[in-house]
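Colleague: Read in order, the letters of the sequence shown correspond to residues -25 to -1, 1 to 933 in mature numbering (1 follows the signal peptide of the UniProt record, and there is no 0).
Treat the hints with care, since some could be wrong.
Computed list of lysine-lysine pairs in BS3-like fashion (alpha-carbon distance at most 30 Å, straight line) [claimed, not checked]:
#, residue 1, residue 2
1, K696, K652
2, K39, K88
3, K597, K655
4, K97, K183
5, K183, K158
6, K88, K160
7, K462, K371
8, K88, K115
9, K707, K597
These aren't lab readings, by the way, just hints derived from the structure by calculation.
This structure is a prediction, so every number in the text was calculated from the model and none was measured.
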Amino acid sequence: MESVAITLFPFLLAIVAICFSFCDANSNVLCIESERNALLKFKNDLVDPSNRFASWVEGGDCCKWLGVVCHNSTGHINQLHLAAPLSVPHFDAPVTEWEAYHRSKNNSSLRGKINSSLLELKHLSSLDLSNNNFRSNIPKFLGRLGSLTYLNLSHAQFQGGIPHNLGNLSKLQYLDLGGNYLKPKSLQWVSGLSFLQYLDLSYADLRKATDWLLVTFQHPSLLELHLSACSLEDDPSPINVNSTKSLVVLDLSENSFSSVPTSIFGLQGLLSIDLSSNSLEGPIPDYFRNISFLEVLDLSGNSLNSSTPNSLFSLNHLQFLNLSSNEIDQDVSEILLSLSRCCLDCLESLDMAHNHLFGHLIDQLGHFKNLAHLSLAGNNISGPIPLSIGELSSLKFFDVSENQLNGTFPQCFGQLKSLETLDLGCNQLEGVVSETHFSNLTRLTTLAASQNRLRFQPNSSWILPFQCRIIKLGQWHLGPKFPRWLKFQKNLSVLDMSDAGISDILPTWFLNLSTQFEYLNLSYNQLTGGISHLNVREFVDLASNRFTGPLPRVFPTLKFLMLSHNSFSGPLFELVCNPLRKGPMECLSIKGNLLSGEIPDRWNHWRGLVYLNLENNNLTGKIPPSLGHLNLSVLNLRNNDMFGELPSTLQLSTSLIILDLSDNHFSGSVPTWIGDKLSKHEILSLRSNNFDGHIPQKICQLQSLRILDLGNNNISGSIPKCFSNLSAMANKSNQNSYMFQWSITLTNLFCMRTLLVLKGRVDEYSTTLGLVVSICLSTNRLVGEIPKELGSLVELQSLNLSRNLLIGNIPDEIGNMELESLDLSMNQLNGEIPSSFSNLNFINYFNVSYNNLTGRIPTSTQLQSFENLSYMSNHLCGPPLSKDCSTNSTPTDVANNGSRSEGSNVNWLYVSIVIGFVMGFWGVVAPLFFIRSWRNAYYQKLDHVGRKLYMSWATPGR
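Can you build the whole structure from these sequences, using the hints too?
Modeller: What follows is the structure, given as structure tokens:
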């Protein structure tokens, strides 16, 4: 819900009028010389990057200077307004507006020292130095400007304490010190401001000012109090409010209250309460009924649970109610019915998004005639959208996204002439949307309804009656032709038409639209053709289409570029080496295309890149050294034709979390610096390359390593015993995972994908990637015994040591792990399968075939469920094998590598093979050799078959 300001005192109206008085009020007045000189001294100590003081010159009429207001009759300076001329954008304004705001702030803020010459302005009643950059303490001399009624020092980079002598400003009515870095030890000085009506100390650290509650709540004249983000906590000693005058507006948002301060309920004159973004728990207190005139109540961003109390619905003057982002568990129909009884004619805004509401929307919703803002997003509301919604003639904002609403897209939306934002995304709506649904929505700026099953195919000549800034229609059926109605949208900034059934050439008029996109998502369609350029500032996703040709030119400020799974071809040179690039690109994914050539060694101006995925292309050459200077989090070059050793500069990428270089031709030893420098490493895949040498001991220093895949190389030596030091595989640490922390942001979730060889097959993992823990060392030349220390890796889910030269017994400790997949096949292991393997209750892939294992297969619910292939080519017995374990079976001698301690060394398997061959061969050959008639018939048949084959080959057209 948008912040709501209630202003009841007349002097604020006069302040607003000041902005319009600079020209008229000073037209016929000459300023006083001493005051002009004071202003010039004040100017000389300041740095003015925007040249706001251009009119402040010697001998000039200071009453005509920018920011100066003089009294009409006396000529004394009574107002000085030197705030940086900034217009703060709306919180959901386009990125371009926010960038312009910050640039303007940096380029227009005054800096330097505030000269005490201001004391010579004896009649100064209003001083505004807000939105500047002083980076100093608040000057103490300001407490001697005795005529001040208005003082605004907000967002001016002041720091330190607050001068107590500000309490000497006995005429002060308005004081704004918010948005600075202040740390006062007491607020007792506020008591001296007997006429104070407005006080803003937001973002000041008031942890040491324990008197804040007593001073502010019992102030005799204070009407509006803002203490947002002041590190306030529960007060163990609440006070009784006995003031004859009471606060009207109270803002305690963004603090650390775990319960609503009970002293608030004594302020019966309150009209607005903001306790949003605290740590409030439990049910909503009943005491709000004591504040019977309350118009604005914001409790959003807390942990309030249970249901809304009936006392809340006794507030007959309630206009704005925000309970969003809590844990309220209640039928939404009950809430709407209760609100209809208390504030049907006055409620203007209701926000209960992101709770646990359930039930259906009811027809009474259409009776709130003054309702302008309704947000119920992120709940479990089901059923259809009631047709009465079309009766909300004042409705401007409607958001029911992320629910379970079904039915059709109501045609009554076309009646909402005031509607500006419509968000129905992530529901189960279906059916056909027609042009009449939008016929009267001339003010609509946001249309968001992705992830529904809706079809929209208007007449090709139809023109939207509105100019949208945001259109999100992902997973609608908009094709097969590319929508022509977009051609006339001039303000479009965000467009999502992903997975929309479009099978068409991307039209050139779309690429040449005059609008400046910030976000463009056309992924998962069947769009074809080439793309010469992309006029998008922030985010592009064209993945999973059929685009061809070279990579497009992109806007210099682009941060996210997803072109995966297309047919783009050619080199990377023009994209990587673009000298016009401005600002950091964060995510670049071009996997699954036809790119060729080498990766250019020109990454020095890509310093902000954190994710680079070029897998499944035809890239050649070595890894360029300049990639190591980017400090990447993810580098994926899997399945290309690259070669050479790993550049040592990669050790500079100390933030690297995922490194996947599998399925290439890289060679050399596995670098020791991987364990030395890359402490955040969680996924290391060097599978299917030509690495040799030993596994470096320093790899055991990777405390965060969760997936290690060195399979299918030429690595020799033994398995390091120090693998037991891989603590992420030994302890539950998902919540501390760098990958988990990095991927929880919405912009990065789509990037987290990789291929893993688990359970005998290759699968792509994405959303569950942070939960996988595995080691694969298969298909190498590892020797020695399996270290028993591996048994300490109790979090390991998959262990693959197959196709090596490992010997000895299988350690008992492995049976105490919680493995889901274990592959020890094709080694030279001997002895028995440890009895501890009966404890492998989660195992669903198991293979110990082609070893020298002997004895009985341990009995468990899992081991007997696998096929015989999992145990073949051993000397095992017992279920699931058909071979019984007889009581007089010859024991094995572990010391002799599983050979029998006595008895014959004859291998009856080979004997049976020889006998079978002899019998089969002579059973066929002998009759042909000794019986002439059989021999003649056999060769005649061969000759006949040969002629037919020759005829069919020689005459294919017949």
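Colleague: Hints first: check each against the structure and report whether it holds.
Modeller: These are the hints, each one checked on the structure:
Straight-line distance between C-alpha atoms of K696 and K652 comes to about 21 Å, which keeps the hinted pair within the 30 Å bound. Distance hint between K39 and K88 is fulfilled; the C-alpha atoms sit about 24 Å from each other, no more than 30 Å. Taken as a hint, the K597 and K655 pair is honoured in the structure, with Cα atoms around 24 Å apart against an allowance of 30 Å. About 35 Å separates the Cα atoms of K97 and K183, which puts this hinted pair outside 30 Å; it is violated.
Our distance criterion of 30 Å between C-alpha atoms is met by K183 and K158, whose separation comes to about 8 Å. Of the pairs offered as hints, the one joining K88 and K160 holds, with about 24 Å between alpha carbons and a cut-off of 30 Å not exceeded. Between K462 and K371, the direct Cα distance comes to roughly 25 Å. Compliance with the 30 Å bound is thereby established for this hinted pair. At roughly 13 Å between alpha-carbon atoms, K88 and K115 fall within 30 Å of each other, so this suggested pair holds.
At roughly 37 Å between alpha-carbon atoms, K707 and K597 are farther apart than 30 Å, so this suggested pair is violated.
Comparing the model with each earlier hint shows violations of hints 4 and 9; every other hint is respected.
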